[in-house]
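J.: Top to bottom, those sequences are chains Z and X. Following numbering that gives the first Met the number 0, the numbering of the first sequence begins with 0 at its first residue and continues without gaps. Following numbering that gives the first Met the number 0, the numbering of the second sequence begins with 0 at its first residue and continues without gaps.
Bear in mind the hints are in silico, worked out from the structure with no lab data behind them. Owing to the predicted nature of the structure, the values given are computational and were not obtained by experimental measurement. Check before you lean on any hint, since a few could be wrong.
Stated by the list, open to error - Sample of chain Z residues facing chain X (criterion: CB under 8 angstroms; computed from the structure): (1) H31; (2) C33; (3) E44; (4) V121; (5) W123; (6) L131.
The C-beta atom is built at its ideal place from N, Cα and C for all residues, glycine as well.
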Amino acid sequence: MRTDAELMALYQKGSRDAFEELFARHHRRVIHFCYRMTGDQARAEEAAQEVFLRIARAASTYQPTARFTTWMYTITRRTTLNFLRDEKEPGEKVPIDTTGEGYDATEGISLPGRGDWDPEQVAWEAQLKDKLLEALQKLPEVNRAAFVLNRGEGLSYEEVATVLGVTVQAVKSRIFRARETLLAELSGLVE
Amino acid sequence: MECREIREIISAYVDGEASPEEARRAEEHFGRCPECRAAEKRMRALGVAVVRAEGAVPSDFRENLFARMEKEDLLPKRRSIFAFSLRWAAIPLAAAAALALFVLSSRDVPRDLSSTAMRPPGVAGPAGELSPEDREIVAYLDILEDPDMLDETEIEGMEIFAPSPEQRG
Chain Z
0 MRTDAELMAL YQKGSRDAFE ELFARHHRRV IHFCYRMTGD QARAEEAAQE
50 VFLRIARAAS TYQPTARFTT WMYTITRRTT LNFLRDEKEP GEKVPIDTTG
100 EGYDATEGIS LPGRGDWDPE QVAWEAQLKD KLLEALQKLP EVNRAAFVLN
150 RGEGLSYEEV ATVLGVTVQA VKSRIFRARE TLLAELSGLV E
Chain X
0 MECREIREII SAYVDGEASP EEARRAEEHF GRCPECRAAE KRMRALGVAV
50 VRAEGAVPSD FRENLFARME KEDLLPKRRS IFAFSLRWAA IPLAAAAALA
100 LFVLSSRDVP RDLSSTAMRP PGVAGPAGEL SPEDREIVAY LDILEDPDML
150 DETEIEGMEI FAPSPEQRG
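Working from the sequences, and respecting the hints, build out all of it.
T.: Structural data, given as structure tokens:
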């Protein structure tokens, strides 16, 4: 299987298949990141489309010395940041549909202390998701990005530091502060 | 160590980012502090909740994106299957056509050009003269070009020339 860097090199030479493969590998992660950062499905979709357009436009500047995912998340974070700055007006938020045809039903992890397929649990998880997204939006953007990149996207502290352009120690502090605030906001929901 | 001081280490410990020394200190602390042990569990649960807070992937997301990219010339357009097949079929088709031409043309080419009977109709022999059979075929060339000129009585009167066994060689 080709690496992301090899696919980028092929795309730089004009390979459509290479870009399609990169898209297939990463579009879900990009959408999820945008969703967690904006808290809104419609904005997340719009931002994610913009991310891939920017990746394509900037492909010639990509150096294989940089890890593709780090480069991709740098673009993704900047794109969502621009979206958040550009859309300061409240706007009507589109309800989150997790049951429709287009929903990607990736298997999740059960939260501790709750049974599966219990209607009460489903309602509780939906409430937790809404509250969590709401609480995430209250965090300073850099703390939110650090926490989401690490916990949501699985990047190491070092990779998060590269994406955010800060030190590993700063990432450690920001993630800790994000956690403290989120746990206070979700008191009673996350035990 | 005060709980307040160690909480940041616990946060890194939950993320698998604490150094071995920090991890040892955190684990020792859990043994004597149920509150920090509970805080560690809440931190882990929060991590799971974030993973589950996923956005939906619309079914037309890819199609919309690729259409925009093609519009901006950021994505080479996919050739149609027909054009692709034709492109790759061109070489074998050309080869087949060449072979067919060769076979068809070689059917009337005499193996022995000195044999008048095997010469194609209308082609003069070495002496520039036509054989009687050739002359008769030439006489019917108009009919070959315009079959409507031929009536049934003429067909019955026509003689079909075929190479004799000796001529077939």
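J.: Now look at each hint and say whether the structure bears it out.
T.: For each hint, the structure was consulted:
1. Hint on H31 (chain Z) holds. Least Cβ distance to chain X is approximately 5 angstroms, under the 8 angstroms limit.
2. For C33 (chain Z), the shortest C-beta to C-beta distance to chain X is roughly 7 angstroms, which falls under 8 angstroms, so the interface hint holds.
3. At about 6 angstroms, the closest approach between the beta carbon of E44 (chain Z) and any beta carbon in chain X falls short of 8 angstroms, and the interface hint on this residue holds.
4. For V121 (chain Z), the shortest C-beta to C-beta distance to chain X is roughly 12 angstroms, which exceeds 8 angstroms, and the interface hint is violated.
5. Restraint check, W123 (chain Z) versus chain X: the minimum CB separation of about 11 angstroms is more than 8 angstroms; hint violated.
6. A least Cβ separation of about 5 angstroms between L131 (chain Z) and chain X falls short of the 8 angstroms threshold, and the interface hint therefore holds.
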